[in-house]
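Asks: Sequence:
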Amino acid sequence: MIGLNEQEGRVLAFVRRHQAERGYSPSLREIGAGVGCRSASQLDISLYSLEEHGFLRRRHNRARAIELLASAVDIGRVRYIPLGVSA
3 MIGLNEQEGR VLAFVRRHQA ERGYSPSLRE IGAGVGCRSA SQLDISLYSL EEHGFLRRRH
63 NRARAIELLA SAVDIGRVRY IPLGVSA
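All letters in the sequence shown, in the order written, are residues 3 to 89 by the numbering used here.
No lab work stands behind these hints, which were simulated from the structure alone. Keep in mind it's a predicted model, so treat the numbers as computed, not measured. Glycine is no exception: its CB is placed at the ideal position from the N, C-alpha and C atoms. A hint or two may mislead.
[Unchecked claim] Simulated restraints, written as ranges between beta carbons of each label pair:
no., residue 1, residue 2, range
1, Leu71, Ile47, 24 to 32 Å
2, Gly5, Asn63, 28 to 36 Å
3, Gly25, Gly5, 26 to 34 Å
4, Arg40, Ala72, 26 to 34 Å
5, Ala15, Ser41, 12 to 20 Å
Given these sequences and hints, build the entire structure.
Replies: This is the structure:
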């Protein structure tokens, strides 16, 4: 089972929903507005973690270049770990 913190879970859910509704990836600003995070660096950390867990792939230096991987569809295996608590 893969553990994500609450913000990573919200980011992943927002990206999935945005792509399903609009057919393309959200921008970093749209993700921030959608999950209630104003810090671009914090969003970048969350996206990096999601990449490391195999949920998505980003093509850096390109706009709206977030690709959801097959593991992102099987979100039922994910559990949330509160920040500051080790698994």
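Asks: Now tell me if each hint is right for this structure.
Replies: Tested hints:
no.: 1; hint: Leu71 with Ile47: 24 to 32 Å; result: violated (19 Å)
no.: 2; hint: Gly5 with Asn63: 28 to 36 Å; result: holds (30 Å)
no.: 3; hint: Gly25 with Gly5: 26 to 34 Å; result: holds (30 Å)
no.: 4; hint: Arg40 with Ala72: 26 to 34 Å; result: holds (31 Å)
no.: 5; hint: Ala15 with Ser41: 12 to 20 Å; result: holds (19 Å)
Hint compliance for this structure: hint 1 alone is broken.
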